[in-house]
Amino acid sequence: METPETNLLAIPSVEETDGKRPFFQIVFGNQEVTNIIDVNQSIIEKSFRAIEYSRKSEVYLIEATRNFIRKLNFAELNEALEDNEITEDEYNSALDHNSEKFVVTLRDIGCPSDVLIIADLVKKIGYDLREFSTSEVSEMFSVKENQLIAHVDSLRNQLK
Numbered sequence: 001m002e003t004p005e006t007n008l009l010a011i012p013s014v015e016e017t018d019g020k021r022p023f024f025q026i027v028f029g030n031q032e033v034t035n036i037i038d039v040n041q042s043i044i045e046k047s048f049r050a051i052e053y054s055r056k057s058e059v060y061l062i063e064a065t066r067n068f069i070r071k072l073n074f075a076e077l078n079e080a081l082e083d084n085e086i087t088e089d090e091y092n093s094a095l096d097h098n099s100e101k102f103v104v105t106l107r108d109i110g111c112p113s114d115v116l117i118i119a120d121l122v123k124k125i126g127y128d129l130r131e132f133s134t135s136e137v138s139e140m141f142s143v144k145e146n147q148l149i150a151h152v153d154s155l156r157n158q159l160k
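For the sequence shown, counting from 1, position 38 maps to 38 in the working numbering; every step adds exactly one.
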C-alpha cells in the first residue's frame, strides 16, 4: 500500500476574526483531494482550556497519590511504634527529620475554578466507592478546608 504525499499549509485569514469566521485555515491533501479546516478563535480558546484542565488535573492527582503514600508511611511508622519495633525517640526522630514523608501539608487554593477540577476528580475517584467529607478532600488534594468550603459556597451562590 502506497502512502499518499500530503502537503500541509496554514493560511492566515484575511477577514477580521469575530470568533465565528476563520482565524486561519489548515489546508492539506494531495493532487486528488484537498481538505480545508477552518480554525476560529473559539476552537483555539477551547483547546487551551482543555489543555489547562488536563495539566491541573494531573497536578492534583499526583498530589493525591503522594498524600496517599504519606498516610501509608505514617500508618506504618505508627504500627512499628505500637509493635515495639522502634522506640518513641526513633518515632519522633523520623517525624522530625523526614516530615515530608509522613505529613500532608495544606496549601491555598491557587484559583477558585480549581475547585471545579477537584470536584470533578472527587466524583470520578469516589464513584460507587464512597462519598468524601470536605476534610478528606482537603487532605487528599492538599488544600485548605476553609477555602474549599468558601469556594464551593461561592460557586453555589453564582449558580442560583
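If you are wondering where the hints come from, they were derived from the structure by calculation, not from laboratory data. Just to be clear, a hint being listed does not mean it is correct.
[Unchecked claim] SDA-like, lysine to any residue: derived pairs with alpha carbons at most 20 Å apart: (1) 160 to 150; (2) 71 to 25; (3) 123 to 86; (4) 71 to 86; (5) 101 to 122; (6) 101 to 130; (7) 101 to 74; (8) 56 to 155; (9) 124 to 25; (10) 124 to 53; (11) 124 to 86; (12) 144 to 81; (13) 101 to 65; (14) 101 to 76; (15) 144 to 160; (16) 71 to 130; (17) 56 to 117; (18) 124 to 74; (19) 46 to 104; (20) 56 to 116; (21) 144 to 60; (22) 71 to 104; (23) 144 to 86; (24) 46 to 130; (25) 46 to 25; (26) 71 to 145; (27) 123 to 53.
To see whether the hints hold, each was checked on the structure:
For a cut-off of 20 Å, the pair hint linking residue 160 to residue 150 stands: about 16 Å separates their Cα positions. Between residue 71 and residue 25 the CA atoms are separated by roughly 52 Å; this puts the pair beyond 20 Å, and the hint is violated. Proposed proximity of residue 123 and residue 86 is contradicted: the alpha carbons are some 39 Å apart, above 20 Å. This hinted pair checks out: residue 71 and residue 86 have alpha carbons roughly 18 Å apart, not beyond 20 Å.
Taking the CA atoms of residue 101 and residue 122, the gap is about 24 Å. The hint is violated against a cut of 20 Å. Restraint check: the Cα-Cα separation between residue 101 and residue 130 comes to about 26 Å, which exceeds 20 Å; the hinted pair is violated. A hinted pair counts as satisfied when its Cα atoms are at most 20 Å apart, and residue 101 with residue 74 qualifies at roughly 8 Å. Taken as a hint, the residue 56 and residue 155 pair is honoured in the structure, with Cα atoms around 19 Å apart against an allowance of 20 Å.
At roughly 37 Å between alpha-carbon atoms, residue 124 and residue 25 are farther apart than 20 Å, so this suggested pair is violated. About 15 Å separates the Cα atoms of residue 124 and residue 53, which keeps this hinted pair within 20 Å; it holds. Distance restraint check for residue 124 and residue 86: the Cα-Cα separation of roughly 39 Å exceeds the 20 Å cut-off, and the hinted pair is therefore not satisfied. Our distance criterion of 20 Å between C-alpha atoms is broken by residue 144 and residue 81, whose separation comes to about 30 Å.
Under the criterion of a C-alpha separation no larger than 20 Å, the hint pairing residue 101 with residue 65 is consistent with the structure, at around 13 Å. At roughly 11 Å between alpha-carbon atoms, residue 101 and residue 76 fall within 20 Å of each other, so this suggested pair holds. With a CA separation close to 25 Å, the supplied pair residue 144 and residue 160 exceeds the 20 Å bound. With a CA separation close to 18 Å, the supplied pair residue 71 and residue 130 stays within the 20 Å bound.
For the suggested pair residue 56 and residue 117, the alpha carbons sit about 8 Å apart, so the restraint of at most 20 Å is met. A distance of roughly 26 Å separates the Cα atoms of residue 124 and residue 74; the hinted pair therefore is violated under the 20 Å criterion. About 34 Å separates the Cα atoms of residue 46 and residue 104, which puts this hinted pair outside 20 Å; it is violated. Among the hinted pairs, residue 56 with residue 116 is consistent with the structure: their alpha-carbon atoms are about 11 Å apart, no more than 20 Å.
The suggested pairing of residue 144 with residue 60 holds, with an alpha-carbon distance near 14 Å, which does not exceed 20 Å. Between the alpha carbons of residue 71 and residue 104 the distance comes to roughly 8 Å, so the proposed pair stays at or under 20 Å and holds. Straight-line distance between C-alpha atoms of residue 144 and residue 86 comes to about 33 Å, which puts the hinted pair past the 20 Å bound. Taken as a hint, the residue 46 and residue 130 pair is broken in the structure, with Cα atoms around 32 Å apart against an allowance of 20 Å.
For the given pair, residue 46 sits about 17 Å from residue 25 by alpha-carbon distance, which is consistent with the 20 Å threshold. A distance of roughly 18 Å separates the Cα atoms of residue 71 and residue 145; the hinted pair therefore holds under the 20 Å criterion. Taken as a hint, the residue 123 and residue 53 pair is honoured in the structure, with Cα atoms around 16 Å apart against an allowance of 20 Å.
Hints 2, 3, 5, 6, 9, 11, 12, 15, 18, 19, 23 and 24 from the list above are not met by this structure, while the remaining hints are.
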